[in-house]
Amino acid sequence: MKVKLWGTRGSIPSPGPETIRYGGNTSCVGVTLSDGSMLALDAGTGIRNLGLALAAEPARLHILLTHLHLDHIQGLVFFAPAFRAQTEIVIWGPASPEASLRDRIARYISAPLSPVEVRELPCDVSFRHCPEAEWEIGPARIRAASVAHRGPTLGYRIDDGDSSLAYIPDHEPALGADIDALEEDWISGLGLARNASLLIHDGQYTDEEYPDHIGWGHSSLSHAVSFARRASADRTLLFHHDPMHTDAQLDALGLAARERWMQAGGAEGGMELAAEGAEYELPARAASAASAT
Amino acid sequence: MTQKPLELILARNLMSALSTPAFLVDEGGVLVFYNEAAGMLLGKRFEELGTVGPDEWGSLFGPFDESGEPIPYDELPLVVAVRNGRPAHADFEISSVDGARHRVEASAFPILTAHGSRGAIAVFWPAGSSNGAGR
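These protein sequence lines map, in sequence, to chains A and B.
The opening residue of the first sequence carries number 1 in our numbering; numbering runs sequentially from there.
The opening residue of the second sequence carries number 1001 in our numbering; numbering runs sequentially from there.
No lab work stands behind these hints, which were simulated from the structure alone.
No residue lacks a Cβ here, since even glycine has one placed at the ideal position from N, Cα and C.
A few of these clues could be false.
To be verified - Covered by chain B, per the in silico footprint, the following chain A stretches (three or more residues, Cβ under 8 Å):
| hint | segment |
| --- | --- |
| 1 | 95-101 |
| 2 | 142-149 |
| 3 | 181-187 |
Just chain A, same shape as in the assembly (with noise of 0.2 Å):
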């Protein structure tokens, strides 16, 4: 399994000489299967760049998103294979009470939001509501859950073969909760994240500004480091960064987070800050951790 990130940035973008190095488009994870087989986790403003360097390929392709805040749906309508007839794309998605999957992206891709509707997408388009059970998407065992953050919103596991990666981009589970101290299986997301090869997590907030934050469904960097010492995961990734924060801010976030990570007793390399254009190739679990390429 192979991992790009074309997305890291939480809430809009930011894009300037500000952000360069971490990146100001937001959230879009392109996934590798070992099959070849394509997978785009979330559609912020980062899919268009995946989409141009799909070109022509593949034929068939699947979107998983999170929620459908604007950060993470934004860039649908700017991805090109969806404007190519000999496209196939399933969209999967949260299920709401309140309208289809269809409908609520429908809301973004219309009149006036929008100069496309969904109806006039040249592609193969389908929606689908995540089921509670697990389902396979090529060789990948995929599995969906609702995590601790505003709205309907999921977290993602991917198994493909003994590689496995975790998706958990907005996520609060230390609302109303000490998650140090919590029995493991009444921490959000932890059974998504357990034992991943890579996990990609939120870490939006320092630890000073999360006290002004609470309740906006998106972590510290304590709560982050906590989440990812309760789920060992091999190696984790803090993504969603703070639309303020600069790529000197990201570093100075990112050296407490290996700091935090090492105190816990984290292994060396364990811990760091998701980039736009970093590349992962997933090992078995037995193996290294996730080797950046």
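Keeping the supplied structure of chain A fixed, place chain B upon it in accordance with the hints.
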């Protein structure tokens, strides 16, 4: 490890912050949590008791009707809520570990999601006590 559904996790988090006695069962009727206020009412903290199966918890603390007879398990609001997916309300007496009787009103409601039932919550409103030990 089986991950608890998010709805139960959030319910427990909320209940932990309440001063009102509250009980939480999963979709199978297993008592998976009650808060500190409920522990004070019962005279036993949840951490001391742990999870209790659906056939056991109903008899641990009563409950009793006005004539002092045990109320059938199937008629308890929490059981009605989790089995029928409907809210339920009742008043009855419960017995704490020291033998004191507490008259309570109980309101239970199901936790329903797009994927079906996750369980139910019951909130107790102490209405006095037969031996004056009400909260």
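Okay, the hints, checked on the actual structure:
Coverage of the segment 95-101 of chain A by chain B holds in this model, with 3 residues showing a Cβ closer than 8 Å to a Cβ of that chain against a need of three. Evaluation of the coverage hint for the segment 142-149 of chain A: fulfilled, as 4 residues show C-beta separations to chain B shorter than 8 Å, against a requirement of three. Remark: the segment 181-187 of chain A is confirmed as covered by chain B, as 4 of its residues place a Cβ nearer than 8 Å to a Cβ of that chain, reaching the required three.
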